[in-house]
Amino acid sequence: MFELSRSQKEIQKAARDFAKGEFDKEVTLELEEKREYPEAVWKKAADLGFIGIQFAEDYSGGGLGVLDGCLIAEELCRKDSTMGMAITFSGIGSEAVFRFADNGLKEAFLPKVAEGEMLSGIAFSESSYGLDVSSIQTTAVPEGDHLVISGKKTNVLNGGSAGFYVVLAKTGVDDDPAKSLSMVLVEGDRDGIGVTDSGEKLGLNMMKTAELSFQDVKVPVANLVGKEGRGLSQADRFSNEIRILLAAQALGIAQGALDRAISYVKQREQFNRKLAQFQITRHKIAEMATKVELSRLITYKAAVGFDSGKPDAALISMAKMSSARMAVQVADEAIQLFGGYGYMKEQEVERYYRDAKLTELLFGNRGLQSDIIGEAVIGKVK
Amino acid sequence: MEKEVTPYVDQWEKDHIVPREVWKKMGDEKFLCPALSSEYGGIGGDFLHSTIVIEEISRTNHSGLAAPLHNDIVIPYIEAYASEDQKKKYLPGCVSGDIITAIAMTEPDAGSDLASMTTTAEEDGDHIVINGSKTFITNGINSDLVIVAAKDPEEKNPHQALSLYFVETGTPGFEKGRQLVKMGLYSQDTSELFFSKCRIPRENRIGEAGSGFIMLMEKLQQERLVVAIMAVSAAECILERTIPFCRTTIVSGKPLSKSQAVQFALVELAAEVKIGRTFLDKLIADHMEGRRIIIETSMAKYWTTDMVTRVADRCVDLFGEYGIMEACPAIRAWRDVRIMSIFAGTNEIMKQIAGKFMGF
Amino acid sequence: MNILNYTDKHEDFRKRLRSFLAEEITPNVDQWEKDHIVPKSAWQKMGKAGFLCTSVLPEYGGIGGDFLYSVIVAEEFSHTLHSGLAASLHSDVVVPYIESFASEELKKKYLPGCVSGDIVTAIAMTEPDAGSDVAGMKTTAVEEGDEIILNGSKTFISNGVICDLLIIAAKDPSIENKHQAVSLYLVDSGTPGFKCGRQLEKMGWHSQDTAELFFTDCRIPKTNCLGEKGSGFLLLMQKLQQERLVCTLGAVFAAERIMEFAVDYCKNTVVNGKPLIRSQAVQFALVEMSAEVKLGRTFMEKLCADHVEKKNIVIETSMAKYWTTDMVNGIADRCMDICGEYATLETSPLVRAKRDVRVMSIFAGTNEVMKGIAAKFMGM
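Protein chains in written order, with our numbering: chain X, 1 to 382; chain G, 1 to 360; chain Y, 1 to 380.
Same shape as in the complex, but just chain X (with noise of 0.2 Å):
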């Protein structure tokens, strides 16, 4: 149980090798800076296989499952946090075409998106805050053969970039939003799409992360990705899948200021010894380890039950939320250790505790994964 198999540490192994070939810390604060995707790694990374591992091999997949995504998530961020987020994301949304779009969109859209030709995005806020289904007012209205889009869109990551973007809007009449709301398919450059720039992040500036508006945008029907009306449930199936990414990419967060952190103790040298002979240091690296363990233990555990088919809501977002606080606190104890070093930018520390933050945002905060935790575990309170 405690054991990857052979192929998966193959992957495992596959991954760290390209991070470690292909990541340049230069390269990456000059993306940072200037705001642009690393384009040519991640090519390199879909050439691999890297991308859309969980795609069946008929659209260009790895046929594999989430802990294999996971798996690779987590190397590439522990060689570079922001890197590995901006790669893990590049196909974001993608995993809701694969997970309920009809075999046309399939074919359409996901080879591109893990042969690296095509980023895709998600709108489904409509507050800076997050998502909050009940205030979605995006329609997607039936005219003929098509659907007309119209609303705005927030905190969309790829915003501007994307190939396609998977929409949530409303379909229906009803004002239940399990009812009324639905997926659909929007390629980014149809007409009546306007993108403004949110401007910079906390961090992976690499991504853009956009406002979008749609002024009757037209996709044909066949763009809806899944059922009708169903956008609400399959937008929750979705959010699991990506805060089992999150969860990963927190993981490999911590896992690499760990690293860095015990490199930098072992070697920087005050009062005739190194940083790493003093008890509180050894005291400190233990509780960054200790929480880098039970990270990994409920990530994986979340993600094996992922891809066994039954989805445990409640432990993904216990995964997700302790992953992501873990990794904050790993990181932040990693800029303690590092000293002045650990504040400036060429250390690295500090970009991996921002990154780590972000984990700790996207997808809902602790706040909201307790609410769904809470009453997952305590059940129907009559």
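Keep in mind the hints are simulated off the structure, nothing from the lab. Any given hint could turn out to be false.
Claimed, not checked - Beyond 10 Å from chain G on every Cβ pair, some chain X residues (computed): (1) Ala-40; (2) Glu-107; (3) Ser-135; (4) Ser-161; (5) Gly-163; (6) Gly-192; (7) Glu-293; (8) Gly-342; (9) Glu-350; (10) Arg-366.
Unchecked claim - Have a look at the derived ranges for each label pair, beta carbon to beta carbon: (11) G/Gln-11 - Y/Ser-132: 48 to 54 Å; (12) G/Glu-289 - X/Val-377: 22 to 28 Å; (13) Y/Gln-44 - G/Thr-248: 55 to 61 Å.
None of the values given here were measured: they were computed from a predicted structure. Backbone N, C-alpha and C fix where the C-beta goes; we use that ideal spot for every residue, glycine too.
Guided by the hints, dock chains G and Y onto chain X, whose structure is given.
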């Protein structure tokens, strides 16, 4: 601050520096060196004036204009230990804003272990020759006058080898290095300083030779208190921006502040801030009475800086996904406050000092 | 700068109290913990020496002292390392209701005895089905002529067994609005229909006679009502600030005692050839805990000073109650960890301290309730 600082901080954050003119304006308004004796042109106030300056700068949501460092960390060394001639030479400019100061102690290989610094100061006739480098120096680029800690290479005992020296910008052999790119404090011109056979007049030594550590010991209580004031003020400001957001942001049909979890979070943060503020105010009063409060100020430095980091972090969380944007009102502060548990002596050093003075 | 300015009179009081406690109380504490009760005689000794109800005015037998006397009592008491003789509860939580809201007649009748220790008091609000939701209480007070008839039960009542006089919160069943139905009444312990039930076996506070109380057609004079009928909640609101401050005092002083023990233990215990206190991790832990205690103490003192000046500090006292009780629990826990297996023995003061402090985040309004109150008064 509202007129001359706040409207410009976004630009300064982009420029990675605060223009010199701002210092001059501060000086014109007598906001520099407010606690310094009035014979040098200032208002001759007290540490409460200094505290007010720190608190009002916090409200501007930036940390670049390091007036507190100048006012309350550097100038006290000059006031307490410099000769009359040195004071007459430099202090009026420090008050007017014509002379921006910095203090250089930390080196690439000497952070917490200050005594292991390798920058040397050797006597050579009428001069002293300084060789070495310093890093993480606040006001590095803008500074006109730097107090440099350097050691006499002949003196075996590291604690008796240190002296403090005035080095003016422009002195041959004194180069300012690159500005350091940091996680936060973007508008702060933190940099490295290099001394390569830098010759300064002997008269530029501050106080007795070898008295560096004793001077530092005396002045560090105030330095730590200044950081604690910065930390508590920053925490208060962050909370002040977060509470209205929670009140006005509607999620699932009701304001965030109606969620029990959000209420509890805000109460817990407000409690920590109040407790920190109460402790701080007492220490300010004790400090002004001249009490020796090494243990308490060391504790305050670490506790309040850990606290503001916690407060910033949790407030960002309350902003939800908006927290990922630089535009979010809590983000710059989140990045800026992280340094507080590291500079002015890491929090680990603070605990060590407190433990030592508690007799452990 | 001293936040609290004790006068010479205060300091004399403290000196006398300290000697008294060292002689008359501390030597008996272990026995009382075994007996699960403090004998009435101890209360009487304390009262006769002038250490109970220091705020009661001289006309009723007290010294008319300010809140600083109460602070001194709480502080000196913490050195006895037990919680059974609940002097602060009696003097600073219960009796103030009588001082402020009882009729002149009742004050003359009861206050002198409260001061002398001949009358030990208790206050009964909590019920088996009404804890945090005090307004949900079911004990009824029905008017019949000149009398009030009480029916119901209360639980977790400190001094439940030995109390001579009880303040009980009960509701008029005919009034719809829960918040206007409750009144506070004085009940003598001998009153027919008022029975003390079993003493409750607790994790800590072993020497405290916490009990259940039962009321079956218990008749008391109508004049035993404190303040106006239906004013129960208004009266509680006026006194709870002090109650929370008293809890804060208890928490901070308990924390100081725990720290004293732990530091001493670490200095004198040798492990692997060196005193525990030589370990960097132990040093840092002791520093961190000491800092928290200092922070708590400073906040507590400031609130005491504000309280003496009669400031409205509902928010701050609610915060202080929860923060300091969480703090002392954290400290007790961490000190036990540092002191290792020794700390698991009852002979170590840490065990009793750990068991005793655990209730502090629960009684006098749970810490969750404290946060809810603070949130409300902060306008959320």
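Do the hints match the structure? See the list:
1. Ala-40: Its Cβ never comes within 10 Å of chain G, the nearest being 24 Å, so this holds.
2. Glu-107: 32 Å, holds
3. Ser-135: 8 Å, violated
4. Ser-161: 17 Å, holds
5. Gly-163: The assertion about X/Gly-163 holds, with a minimum of 23 Å to chain G.
6. Gly-192: 25 Å, holds
7. Glu-293: Consistent with the label, X/Glu-293 stays out of reach of chain G, its closest Cβ about 23 Å off (over 10 Å).
8. Gly-342: X/Gly-342 is in fact no farther than 10 Å from some Cβ atom of chain G, at 7 Å.
9. Glu-350: 4 Å, violated
10. Arg-366: 6 Å, violated
11. G/Gln-11 - Y/Ser-132: 48 to 54 Å: Check passed, 52 Å falls within 48 to 54 Å.
12. G/Glu-289 - X/Val-377: 22 to 28 Å: Distance hint for G/Glu-289, X/Val-377 is violated at roughly 54 Å.
13. Y/Gln-44 - G/Thr-248: 55 to 61 Å: 60 Å, holds
Of the numbered hints given earlier, the model fails hints 3, 8, 9, 10, 12; all others are met.
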